[in-house]
Amino acid sequence: AQTVTQSQPEMSVQEAETVTLSCTYDTSESDYYLFWYKQPPSRQMILVIRQEAYKQQNATENRFSVNFQKAAKSFSLKISDSQLGDAAMYFCAPSGNYDMRFGAGTRLTVKP
Amino acid sequence: DGGITQSPKYLFRKEGQNVTLSCEQNLNHDAMYWYRQDPGQGLRLIYYSQIVNDFQKGDIAEGYSVSREKKESFPLTVTSAQKNPTAFYLCASRAVFNQPQHFGDGTRLSIL
Chain A
140 AQTVTQSQPE MSVQEAETVT LSCTYDTSES DYYLFWYKQP PSRQMILVIR
190 QEAYKQQNAT ENRFSVNFQK AAKSFSLKIS DSQLGDAAMY FCAPSGNYDM
240 RFGAGTRLTV KP
Chain B
256 DGGITQSPKY LFRKEGQNVT LSCEQNLNHD AMYWYRQDPG QGLRLIYYSQ
306 IVNDFQKGDI AEGYSVSREK KESFPLTVTS AQKNPTAFYL CASRAVFNQP
356 QHFGDGTRLS IL
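The listed protein sequences correspond, in order, to chains A and B. The first sequence begins at 140 in my numbering and counts up one residue at a time. The second sequence begins at 256 in my numbering and counts up one residue at a time.
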């Protein structure tokens, strides 16, 4: 099983600025994947980005990118050019062969 | 369109009553999951199933039960032993561990 720590319960960013959300994890599995999900007020879970742990190259998806440090078991999410629609809860989720755990989440507020 | 259907959207439980939350998927996914989300909190894993007729306890299985008689269906029963069942419940599925989970829209359970 994995354990996940998101140390920032709340973050705030000005519209068009950049913000980084932190995530550290622990896992006993050698082969795993990592995901960031977004949950807006509608409570729908939306996939933001995926990272394969065996890849050194950091994943990028439009304005979203990750900084994956495997040795440090760190998986942070960077949001560039923040938009009002980015306001949501963000969850980090490492995934092993069988189960998938989520962090406690970071609530992101975007100020106009 | 393929997806996950959770029903009902809202559910009320009387003291001492068992209630069952429905989760159906037509994505042909092998793995299915149940999570509980309390207000302002992350997702906690209740049960998961990798194949039909097999399931494993997650972190907070006490007071809950599941079945997996069909690939498409993974109902969750909240028993009277669960003393604090008021929460938002999310069902998810995925094909294999390197793929992201797909989520239903959730069921909000409240105590009468």
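Among the hints, erroneous ones may be present.
[Stated by the list, open to error] Pairs of lysine-lysine, DSS-like flavour, derived with a Cα cap of 30 Å:
#, chain 1, residue 1, chain 2, residue 2
1, A, Lys212, B, Lys312
2, B, Lys264, B, Lys312
3, B, Lys264, B, Lys325
4, A, Lys217, A, Lys194
5, B, Lys312, A, Lys209
6, B, Lys269, B, Lys312
[What the hints assert, rightly or not] Quick partial rundown of chain B residues pointing at chain A, CB under 10 Å, derived from the structure:
#, residue
7, Ser262
8, Tyr265
9, Phe267
10, Lys269
11, Glu270
12, Gly271
13, Asn273
14, Gly295
15, Leu298
16, Leu300
17, Gln305
18, Ala350
19, Gln356
20, Gly361
Quick caveat, the hints were computed from the structure, so don't treat them as lab data. Using N, Cα and C, we set each Cβ at its ideal position, and we do this for glycine too.
message: Tell me if the interface restraint on lysine 269 (chain B) is satisfied: Cβ within less than 10 Å of some Cβ in chain A.
response: violated, 25 Å
- prompt: How about glutamine 356 (chain B): closest beta carbon in chain A under 10 Å, or not?
  reply: With Cβ-Cβ at 6 Å, under 10 Å, it holds.
- request: Compare the distance between the alpha carbons of lysine 217 (chain A) and lysine 194 (chain A) with 30 Å, and conclude whether the hinted pair is satisfied.
  value: Satisfied, since the Cα-Cα distance of roughly 18 Å is no more than 30 Å.
- request: Under 10 Å, Cβ to Cβ, is where serine 262 (chain B) needs to be relative to chain A, so tell me if that hint holds or is violated.
  value: violated, 16 Å
field: Closest C-beta approach of asparagine 273 (chain B) to chain A relative to 10 Å, hint status
entry: violated, 25 Å
- prompt: Given the proposed pairing of lysine 269 (chain B) with lysine 312 (chain B), does the C-alpha separation stay at or below 30 Å?
  reply: The given pair, whose Cα atoms are some 25 Å apart, holds under the 30 Å limit.
task: Double-check glycine 361 (chain B) for me: the hint is only fine if its C-beta lies closer than 10 Å to a C-beta in chain A.
output: Cβ of glycine 361 (chain B) sits 6 Å from chain A, so the hint holds.
task: May I ask you to test the interface hint for alanine 350 (chain B) with respect to chain A, counting a Cβ-Cβ separation under 10 Å as satisfied?
output: Since chain A brings no Cβ nearer than about 12 Å to alanine 350 (chain B), farther than 10 Å, the hint is violated.
field: Per-residue hint verdict: tyrosine 265 (chain B), partner chain A, C-beta under 10 Å
entry: Check failed: Cβ of tyrosine 265 (chain B) comes no nearer than 13 Å to chain A, outside 10 Å.
query: Was the hint right that phenylalanine 267 (chain B) lines chain A, CB cutoff 10 Å?
result: Result: violated, 18 Å to nearest chain A Cβ.
message: Between the alpha carbons of lysine 264 (chain B) and lysine 312 (chain B), is the straight-line distance 30 Å or under?
response: holds, 24 Å
- prompt: Does the CB of glycine 295 (chain B) sit less than 10 Å away from some CB of chain A?
  reply: holds, 8 Å
Taken one by one, the earlier hints fail for this structure at numbers 7, 8, 9, 10, 11, 12, 13, 18, listed in ascending order.
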